[in-house]
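Q: Residues per chain, in single letters:
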Amino acid sequence: MTLDELFGIGPYSLPHDEKQALLVEHLNRLTAHHADRCAPYGRILDAYGYRGRSWSAIEDIPYLPISLFKEFALKSIPDNAVIKTLTSSGTTGQKVSRIFLDKETSRRQTKALAAIMQDFIGGKRLPMLILDTRNVIKDRTLFSARGAGILGLSNFGRDHLYVLDEEMRLRTEALKQFLVDHPDEPILMFGFTFMVWKHVYQELRAQDIDVDLSRGILIHSGGWKKLTDEAVDNARFKKALRDTCGIQRVHNFYGMVEQIGSIYMESDSGCFQTPVFSDVIIRDPLDWSVLPIGREGVIELVSILPHSYPGHALLTEDLGRVVGEDDSPDGRKGKYFEVLGRIPKAEIRGCSDTYAEEAVSSAV
Amino acid sequence: MDNTEKLREVFAEALQIDQGKVVDSLEYNSIPEWDSVAHMALVAAIDDAFDIMLDTDDVIDMSSFGEAKKILTRYDVEF
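Protein chains in written order, with my numbering: chain E, 1 to 364; chain W, 1 to 79.
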């Protein structure tokens, strides 16, 4: 099945055997593609004697540590084919990943994200609240992970309202007017987890603002580190939003700028669901062997979308475990997993955490 | 004014480019003015100008001016 055919079949429609066969075929092809076009990647394969080989399981495909994208400009396209450069959200003084996109990779990411999102919210664009400030999309050629996330999700909305102003204050009147202007339909809301908590939820509480967002579908992402410090987990987050403004539907998602597009949405399993374009593998940090369902280890992510850079198999700096496969209560196929935090000593990096740390350092 | 002219004006205004540049082969991401930020403004302007509501798939597939005309015919806009 070609990638374009795959965009049409439903992102959670393939059971284990079919999905693995499909992924390994694409990943083998991508490995050869990048070896031929990205010289540093080719040299890595050469060093292990991997060039020209193919593998029969996705677990055997050579993978790169994600930190390599901070050290090196890895790309498989000529400079003039780069249409966009994405950066991860490194805090001041830290190195950031740079991901170079060409038209084709950008198109694939958009199509994959659309397939995933539509499976959750349908094909109609919904009135949309962006729980952030317009400032994050100011530089149009160099997007932060935050900016890229917001723009990517904006395709699913209309009449977009950024609910925070440039000083990160809640635009209460604009929000209330938006709800008056859109009295009946479901409302799509998107923001980064920590921003939603700090600048929306806590502000609504602090200012005792009464808004009814019971028609809202909140999609959020960006890491829990700051919230874990405040003892806020997914369950408490959801309950707080429900109690304060009536939001019933909340989907957390996991993903990284290095494999943008193939995001992992929280399904009814309560975990992150892998779509047909990508998969998760858990590795033992002692010997990098593959761990079975239920065992905690380092998260590797494979994706068949990256065409312009060799990011199709990446070892992340996150810990997690696969909870189940093909048996989510909502009928979605694929592995589902949870993320249990960072590898100790990994650089602290999370989209919405960055803002907080910048705010702290500028306040000092 | 026919709908091609109307759509050309919408494109030129939303992307802030000369109307002369708005030809069928004008592609998304081929000029700095038509990037993902501008695309949002463009889609909103098309929705308003033709009093329609483009579906998500059409927003994503609208990859050129020519393609935009094709898509709009599905919303009963004639060219």
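Keep in mind the hints are simulated off the structure, nothing from the lab.
Among the hints, erroneous ones may be present.
[Claimed, not checked] One-sided excerpt, in silico: chain W residues whose CB lies under 7 Å from chain E:
#1 S25
#2 L26
#3 V37
#4 V59
#5 I60
#6 S64
#7 E67
[As the list claims (entries may be wrong)] Straight-line C-alpha distance at most 30 Å; calculated DSS-like pairs for lysine-lysine:
#8 E:K84 with W:K69
#9 W:K70 with E:K124
#10 W:K70 with E:K239
#11 W:K21 with E:K103
#12 W:K69 with E:K124
#13 W:K6 with E:K225
#14 E:K70 with W:K70
[Unchecked claim] A few chain E residues that don't get close to chain W, going by computed Cβ distances all over 12 Å:
#15 Y48
#16 M117
#17 I121
#18 G157
#19 R169
#20 K238
#21 R283
#22 R295
Don't be surprised by glycine CBs; every beta carbon is placed ideally from N, CA and C.
Q: Are there hints from earlier that the structure breaks, and if so, what are their numbers?
A: Hints 1, 2, 6, 7, 10, 13, 14, 16, 17 and 18 are the ones this structure does not satisfy, whereas the remaining hints hold.
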